Each structure stands twice: as structure tokens, then as C-alpha cells.
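Protein chains in written order, with our numbering: chain A, 1 to 385; chain B, 1 to 294.
None of these hints come from the bench; they were simulated from the model. One or more of the hints may lead you astray.
Sample of chain A residues facing chain B (criterion: CB under 8 Å; computed from the structure) [as the list claims (entries may be wrong)]:
id: 1; residue: T51
id: 2; residue: A52
id: 3; residue: G122
id: 4; residue: D124
id: 5; residue: E125
id: 6; residue: E126
id: 7; residue: T140
id: 8; residue: C172
id: 9; residue: C173
id: 10; residue: F174
id: 11; residue: N175
id: 12; residue: R254
id: 13; residue: T256
id: 14; residue: R292
id: 15; residue: G337
id: 16; residue: T340
Which chain B residues face chain A? A few, computed with CB under 8 Å, are given here [as the list claims (entries may be wrong)]:
id: 17; residue: R88
id: 18; residue: A94
id: 19; residue: P125
id: 20; residue: E129
id: 21; residue: G156
id: 22; residue: D159
id: 23; residue: P187
In this text the structure is predicted, and so the values were computed from the model without any measurement. Ideal Cβ positions, reconstructed from N, Cα and C, are used throughout, including at glycine.
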Amino acid sequence: MTKTTAGSRHRSADEREHERLIHLARQDPDSGAALVRLLDERAPHHHGRSTASTNRLRARVFIEFGDLGLPSAAMPFVLEELESGLDPSTVAAAGRALLGATEPLPTDAGPLLVSAIERLRGNDEEVRFLAANVGTILPTAIEDLTGTIEQLGPSAAPARAALAELLEHHQCCFNPAVRTRLEAALHRLGSEDRPPCCHAPSDTHEPSTAPGGNDATLTTDLTTLVLEDQDGNRASFAERFHGRATAITFFYTRCTNPQRCSLTVARLASLARRIDDARLDCGVAGISYDPRYDRPDRLRTYGAERGMTFSPRCSLLRTIGPFEPLIDALDLGVGFGPVTVNQHRLDLMVVDSDLCVRAHRTRRLWSEDDVLADLNAATGVTRAQ
Amino acid sequence: MPAIDVDEYRNRYEQELERTRTQSTRTKGARSYTDGEPGDFIAVDDARDDLGPRVAQLLAVATDRDRKIDDRLDALQALSALEFLGARFSPYRAEWVSTLRTLAEDPRATVRRSALEQLALRQDPHARELLLTGLDKPASALVPDAVALQFLGHDGHGDAVPAARKVYRRSKGAAREEALRILATDPGSAAMLERLMKDKSEKSSVRRISAAALQDLDPSRFEKAARRVVADDDDFNEIRSTSLTGLALRRTAESAPDDALVQTVTKLHSSSRSPAVKASASRFLAATRDRSET
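Use the sequences and the hints to build the structure in full.
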């Protein structure tokens, strides 16, 4: 089928600003670290920008990693985007970043490329990070990700089973040319999965340390911060969480990415049921990034639609007043556009009964098993003390 | 436009909808597409069909500037309908979106509008940029301000709020009203919406949009403003009716029974000659009774 071409593209002021930021980062003696800083959701250059703008800058930075080399500090951003990114171009760019890796890829990098293709099936579009003139044929995000798998070849070998399954069950979702390329990519991965020793272990299940190191006690400012729950009940952070280990995560009801906030709250609901079933003395809570918009009735509806049964141990909350103290105290990865969140990572932390942060999971989707283990550990630590 | 009771309006709307449906079915049946006509696809669709040739044909018609405008719009509509096939349409989706992005800058205004609308519904960043550029530089706008804001309103993130503020300040009529609808997603605009809701010199439509927006953004603030409007015998029936309906819907736990307000509304119910105000007052009093019984 003949491809149509995208409309003529002229560089917007936004794109020119991104060019400037990338240029400055490239001039930095440690250009890799400077580029990673451009990805930080809290950085000033993201403040007040639209989600589309922050996505575009992310994509540009990922492309740079593909060309200049992928620093290890950037890998969590890349895997995060492949795992739960929504914008097709940014996800494809994250795939390209893997081509700059000089060290063995984490074992889940290849499978995440395949899961990204699967996720984008109904949402594919031409990539926007390549310069296009009228008449230029640009690859689509799925074509680009397929090309990345082809280029990675055996380095992406752990993707083999997932790719074979994708081709077996979903081949009708791809046009003949893409199917042929996916089959070629499968062939390039080799006939058997590489032994695990050829790949770096994935850190999916390992929580990062708590802010300020393990056993970080929350600041006084935060413990007195007032939170309101889905029923309009107000209590300070300390009153709400002291005395019981709690898994706390963050979300906002306007989030349009089903892999982020919606899934987070649905999993939190499921986690709460498992805690009840196991009769553990623990709790779960979700706190909104968008407290002015997420009023109690919105929180209640949003949680109920995702299976939450509210109780003192299972609640959705918002701050009364600004959200910023939480960002600083808990080292949250979130940035804000003109009205609401423009970019955020996944953040889940487990605080023990003395309000010490015992585990902090960032960027990657968390499993209920892992968080239950964190909660058990936090409970045990408290008892030992 | 005279005030109209909401139930009566709903009845009229449903009758109109039914009439349109009947006409639409007749039109489609009479057209009896011959092979190769854009709309033909839907009639011949079958799970075993290969969509490729049909999609290619429709894309060719949609992008052919020498074709009749109706054919091109029909092709766009048919392609849009094909999206409902889900996985079967997936292989062609990228090309479809690229075509829409091209058509968003088509010389024909109706084609541009149709393409931009479909892109806006999927919150396409390219379309968003085109629309925002048009609001910033009206000379290069692809669609009128009001339409651009309507399309940008599909983005729940409120990224169009800064542009909406500018349009609100510089425009009148439909564009200003659409700007207000966008500002309804911005908690920072609550004070302005409250002021507009209470401002008797504002157009009735502006006040009602502001009331609905405020009710969603800040129910407590809305309740205060609505009580004032309802109690003001000099205010207009439309906004009093809107305010009463909002108060009737507001059944939050913190709302304590309020005898003064109930008395005001009871009096209004018996004294008002406006059917809309009477109907809203009835609704409010019924809701109050229900609340006190539970």
C-alpha cells in the first residue's frame, strides 16, 4: 500500500527550545549525565509545559542515547517508557536508546520491546522524532520498534518467546510488510534464548533505597501535613499512617495512561484484598498529585470503579493545600504543566509504623507479591525494634 | 430563546433524534452505493474481507482534491467507521492518522475541520499544535477559534487552558463560551467562574456555562453563589433555574438541612411564572424531601 505523508512540519518554538537544551547537554563534559537530567520530571525546563511537549523532549533525549551511548543512569527511564509509555513516538525512541547500550542489556529489555509493540497495536502512528519533508516516508512506531529488535539481534534474545507468541496470536494486527519484518526479527534473535549470564539481571523487583537512605524518618513538615480521604475525613499524615505499615502510592484521576494511574489504583485495590485475606496489620493508600481537582467525590468514584473497598486501611487521599511538600519529602518524580501533571513516574513506598520509609519502588510496574514482601519486612522491622 | 423545561426539552430532543435516525436510514438505503463509492465499504463488510484494498481506495478518495467534496467527506466518514473494527483496522491505523494530519491542512475548510475533529478526538499532538498555533496567530488559523477550542477540549489535561484564557479575554460570542468550557477544567479559574455566574450584565449562556463549570470544579463555592442567585427576585429565570437544579443535585453529606433555603425555594415555586424555574424548584424540593427521609 502506498504510504501517505505527514503534513509539512515547521519547527515550533517548543522544538527550538528542545534543540537548545539538547545542544547544551551535548556540550557538557559529562554529556550522558546532562542528558539524563533532561529527563527528570521535576526539572525546571518541564515546568508549565504540556504533556506533548515533555514527551517530545523525552523522545529527543532517547534518540541521543541511541547515537551517543546509553548511560546506566538512563536505563530505568528507557525501560519505564517501554513498559508503560503511551505516546507511540516516545516509546519507539526509547527502543532506539537501547541501541546505544555498551553493556549487556537487562534481561527484560527485549521482552519489553515486544510488549511495547503489542501495546501500540491499536495506536500506531508515524514517528515524529525524525525530520520529515513532504514526500518523506517515515516509519511507524511499530515498524521502528521492530527495526530496533532486528538491530539488537541476539542481544534481545530473551524477547524470543514473547515475539513468537505475538506473531502467533496477533498477526492479523500487522500489515504484511510489518509481519515479514517481525518474522525476520524473530529469526535474528537466534534459535534459542541466550543463557541468562549474557544479560544483566533486571532490577524490576528490587526497590530502590529510601530517600536519604534506608530508615529515613519523614520530616516534621510532612507528618503534620493534612490529608483528606474519599469521604472528606481529614487527618494529618502522622495520624493517618502512624502505628501501621502502609504501602503508599501516587496517582491522579485525570491521568490518560491506563498503564499508570488507573492500573496503580486497581492493583492497590487488589493488594488491599490480599492484605485482608492474610489478616496482616498493614494498610494501603493512594495520594493524588492533583489535589485541587481530585475532590473527595472524585476520589471515591475513581477508587470504587477500580475495585477499592474503602476502610481506614484502604483509602484514596489528597492534600489540603499544596502537594509540593510531598514531592520534596518523598523524592517523587512528578512534573506539572499549565493546569495539572504533565509527566510522572511510578512511585510506591512502604512506610513502617514509625513513619520510616522502608522501601521505595520507582518507574517500573510493581507486583503485589513484591509489595507484600516489603510490607511484611516493614512490619517485622518494627516488631524487632 | 425562551426558557424551556428540561423534561420537555429532553422529549423534543428524543423526537428530533428519532426523526433524524429515520431520515438517515432512508438516505443510506436510497443511495445504494455502486462498487467503488466511498461509503460502499460498510455495506459489503464481512469478517473475511481484506480491508487493505478498500482502505487504500478510501484514502485515495479522501486525499484527492479533484474529487467532489461530499465524496471526500464520505470517505473520511467511512474510514472513521472502520476504526470500530478494532484489531482488523490496526494494520492501517498509522496510515490513516498520517492522512488525517495531511488533511488537517487541506485547502477545503470542511475537510480540514473533519480531519482535525477526528485527530482531536484521539488527542493527537500534531493536531493540538496546529490548533494552538491558530489560536495564537488567528491569521493562520485552520478553523475558527470556537471550533479550535471545542476540539482542544477533548484533552482532559487542560493543556489548552493558557490559550483559552487569551481567547476568553479577546473574544465574544461562541469563542468566548468555548473558552469558558475549557476553563472549567482549571481549578484556578473558579473565582472567575463564580464572578461570571453572579454577573447580571453577562449573557445568560455565559452565566449558565460558568455555573455548570463551577458546580463541577468547586461545589461549595457553587452552592454559595447559587443560593444568592436563587434568592434574588431581580435575577433572570434561566440562571435561577440552573442554580436550583445544581442545588438539587448537590446531595453531599456535609449539606445540612437548610430551612431558610427551603422556604425561599417553596416561595419561588408558588410565585414564579417561569415553567423552568417552577420545574427546577419542584426538583429541588423533591430532592430535599428524599434527603430528609433518608
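Hints versus structure:
1. T51: OK, holds: A/T51 within 8 Å of chain B, min 6 Å.
2. A52: With Cβ-Cβ at 4 Å, under 8 Å, it holds.
3. G122: Hint holds; A/G122 Cβ to chain B Cβ min 5 Å, cut 8 Å.
4. D124: holds, 4 Å
5. E125: holds, 5 Å
6. E126: Hint holds; A/E126 Cβ to chain B Cβ min 5 Å, cut 8 Å.
7. T140: Holds, about 4 Å.
8. C172: Interface hint status for A/C172: holds (6 Å vs cutoff 8 Å).
9. C173: The hint holds - A/C173 has a Cβ within 8 Å of chain B, the shortest such distance being about 4 Å.
10. F174: holds, 6 Å
11. N175: holds, 4 Å
12. R254: With Cβ-Cβ at 5 Å, under 8 Å, it holds.
13. T256: This hint holds: A/T256 lies near chain B, its Cβ roughly 7 Å from the closest one there, short of 8 Å.
14. R292: holds, 4 Å
15. G337: holds, 6 Å
16. T340: Interface hint status for A/T340: holds (6 Å vs cutoff 8 Å).
17. R88: holds, 7 Å
18. A94: holds, 4 Å
19. P125: holds, 4 Å
20. E129: At about 6 Å, which falls below the 8 Å cut-off, the nearest Cβ of chain A leaves the hint on B/E129 intact, so it holds.
21. G156: Holds - the Cβ of B/G156 comes within 8 Å of chain A, reaching about 5 Å at its closest.
22. D159: holds, 4 Å
23. P187: At 4 Å from the nearest chain A Cβ, B/P187 passes the 8 Å test, so the hint holds.
Of the hints listed earlier, there is not a single one the structure fails to meet.
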